[in-house]
Each structure stands twice: as structure tokens, then as C-alpha cells.
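For this one, chain V is given, so just place chain Z on it according to the hints.
Protein chains: 2
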Amino acid sequence: MSSDCIFCRIVAGEIPATIVYQDDQVTAFKDIQPQATVHILVIPNQHVASLNEADRLDPALLGRVLQAAATVAREAGIAESGYRLVTNTGPDSGQTVHHLHFHVLGGNPLRLPLG
Amino acid sequence: MSSDCIFCRIVAGEIPATIVYQDDQVTAFKDIQPQATVHILVIPNQHVASLNEADRLDPALLGRVLQAAATVAREAGIAESGYRLVTNTGPDSGQTVHHLHFHVLGGNPLRLPLG
Numbered sequence: 001m002s003s004d005c006i007f008c009r010i011v012a013g014e015i016p017a018t019i020v021y022q023d024d025q026v027t028a029f030k031d032i033q034p035q036a037t038v039h040i041l042v043i044p045n046q047h048v049a050s051l052n053e054a055d056r057l058d059p060a061l062l063g064r065v066l067q068a069a070a071t072v073a074r075e076a077g078i079a080e081s082g083y084r085l086v087t088n089t090g091p092d093s094g095q096t097v098h099h100l101h102f103h104v105l106g107g108n109p110l111r112l113p114l115g
Numbered sequence: 001m002s003s004d005c006i007f008c009r010i011v012a013g014e015i016p017a018t019i020v021y022q023d024d025q026v027t028a029f030k031d032i033q034p035q036a037t038v039h040i041l042v043i044p045n046q047h048v049a050s051l052n053e054a055d056r057l058d059p060a061l062l063g064r065v066l067q068a069a070a071t072v073a074r075e076a077g078i079a080e081s082g083y084r085l086v087t088n089t090g091p092d093s094g095q096t097v098h099h100l101h102f103h104v105l106g107g108n109p110l111r112l113p114l115g
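Each protein sequence line maps, in turn, to chains V and Z. Residues in the first sequence are numbered from 1 upward in steps of one, following the numbering used here. Residues in the second sequence are numbered from 1 upward in steps of one, following the numbering used here.
These are computed hints drawn from the structure, not numbers from a lab. Don't take each hint at face value.
Claimed, not checked - Part of the chain Z face toward chain V, derived, beta carbon under 8 angstroms:
1) Ala17
2) Thr18
3) Ile32
4) Gln35
5) Leu51
6) Ala54
7) Leu62
8) Ala69
9) Ser81
10) Tyr83
11) Gly90
12) Pro91
13) Ser93
14) Gly94
15) Val97
16) Arg111
Stated by the list, open to error - Okay, the calculated bits of chain V under chain Z, using three or more residues with CB under 8 angstroms as the criterion:
17) 75–84
18) 87–93
19) 102–115
Said to hold, decoys possible - Which chain Z residues stay away from chain V? Per the calculated CB distances, all over 12 angstroms, these:
20) Asp4
21) Cys5
22) Ile6
23) Cys8
24) Arg9
25) Gly13
26) Glu14
27) Asn45
28) Ala68
29) Val86
Being a predicted model, the structure only gives us computed values, none of them experimental. C-beta: ideal position from N, C-alpha, C; glycine also.
Isolated chain V, as found in the complex:
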């Protein structure tokens, strides 16, 4: 845990958030500035800054984050209508919080193109 990381503090329960899923490896909570009808963030409880540090995590943990994202989408009722999973890394992407997080976006038709 990084004590100055807002997402680590959400995992630890030190900052309030609307948590929709949590286990010993993964936490999911509603984005406070939603960019779609459904907008949930799914994160590994373990702190890494971004996908650039993916090699520092156990591959099975990374995979469980993705499986949790699918679970969260199903429980939000958007598995069949569709959703987008996004993780941003670095300045060109608009990454603002430097704790690896996956956006689950859905509940309405999503914009294209992706880039």
C-alpha cells in the first residue's frame, strides 16, 4: 500500500467510495465522475502505478482483475447490452490516478473511434 495513493486508501477503507465488489485481491467502486451511464473502476488491491508495471504483478492476479470486471458488468446489468473496459497509461492517455485501474463503461452506446 502507498499511503499517498487515493485508490490504496479506498481499498483500505480510509476514503469513502461506493464499493460494488471486493475480495482479498480486487476492489471495484463507482467512478465519482461517470463518463457513461454505468462507470465502475476495478483495481488490484496491490499498488502498481499502471500497466507499465504489469510484470511486477502475478499474472493470475491480473487475470482475476479482468474476471472481476466481467462479474461487475454482469451484476450491473450490462453484460448483454455491452460495455467497454479501458485502462489508461501515461500522459497521452489521460491517466490521472497512478494506481492501475480498469474502467468498466456501459449502459449506453459508447463512442467510436477509440483513439
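For chain Z alone, kept in the frame of chain V given last:
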């Protein structure tokens, strides 16, 4: 392998593609309709339709797909400038090929919002 899946056929070498990374579990190749300066698709060699079927895959395999995406971004020279990783699931997202795939997009500032 699904014989009518274009991505399975790319993995098998039956359809040409500009492959930038391949091992026994993961394949990455250039998107033929790029939506950013760098646009690479990273897929598990094993066929699943989308993230909705993530539970059918070994979590460690899913994690290795993400680690390969980070490797591909580094080799494309966009690890520091930044990139976005996206997977689309179902109609609202614009998913067109029904083999789980992650878009790696970068090389220029990417659009926001995400939804």
C-alpha cells in the same frame, strides 16, 4: 480454435497479419484499420468470444495477455508517452470480432471522455 473466426485463423497463420508478438498463449498484430498512430491488437490464442467469457480462461493466461500488451507498447516506443488498452464487449461497445481482443492505442494524445 474456431475455424470461422478470423482471429483464430491469424493465430494459426492461415490469414496474413503483421504480427508483432507471438508465444504459445498470446498473439499481437497491427490493426488493419488503425484508430491511432499505434494500434495493435493483443489476443489470447485460445478462442473465447469476449470478456463475458473470461471465467472460461485460466486467470494466469488472461494476465499474460495484459503483460504482453505492456511489452508490445514498450516495443512500439509508447510506454512513456502513454497508451490506452481497450476491450469491447457486446453491441453498445462496437465489438465487431467475437474473439476477445485488447486494443493498444497510442502515439498521439487520445480522446476523452471514454464513454
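A quick look at each hint next to the structure:
no. : hint    : result
1   : Ala17   : violated, 19 angstroms
2   : Thr18   : violated, 18 angstroms
3   : Ile32   : violated, 14 angstroms
4   : Gln35   : holds, 4 angstroms
5   : Leu51   : holds, 5 angstroms
6   : Ala54   : holds, 4 angstroms
7   : Leu62   : holds, 3 angstroms
8   : Ala69   : holds, 7 angstroms
9   : Ser81   : holds, 5 angstroms
10  : Tyr83   : holds, 5 angstroms
11  : Gly90   : holds, 3 angstroms
12  : Pro91   : holds, 5 angstroms
13  : Ser93   : holds, 4 angstroms
14  : Gly94   : holds, 5 angstroms
15  : Val97   : violated, 14 angstroms
16  : Arg111  : holds, 7 angstroms
17  : 75–84   : holds (count 7)
18  : 87–93   : holds (count 7)
19  : 102–115 : holds (count 12)
20  : Asp4    : holds, 22 angstroms
21  : Cys5    : holds, 19 angstroms
22  : Ile6    : holds, 19 angstroms
23  : Cys8    : holds, 20 angstroms
24  : Arg9    : holds, 23 angstroms
25  : Gly13   : holds, 25 angstroms
26  : Glu14   : holds, 27 angstroms
27  : Asn45   : holds, 15 angstroms
28  : Ala68   : violated, 9 angstroms
29  : Val86   : violated, 5 angstroms
The structure does not agree with the numbered hints 1, 2, 3, 15, 28, 29 stated previously, though it agrees with the rest.
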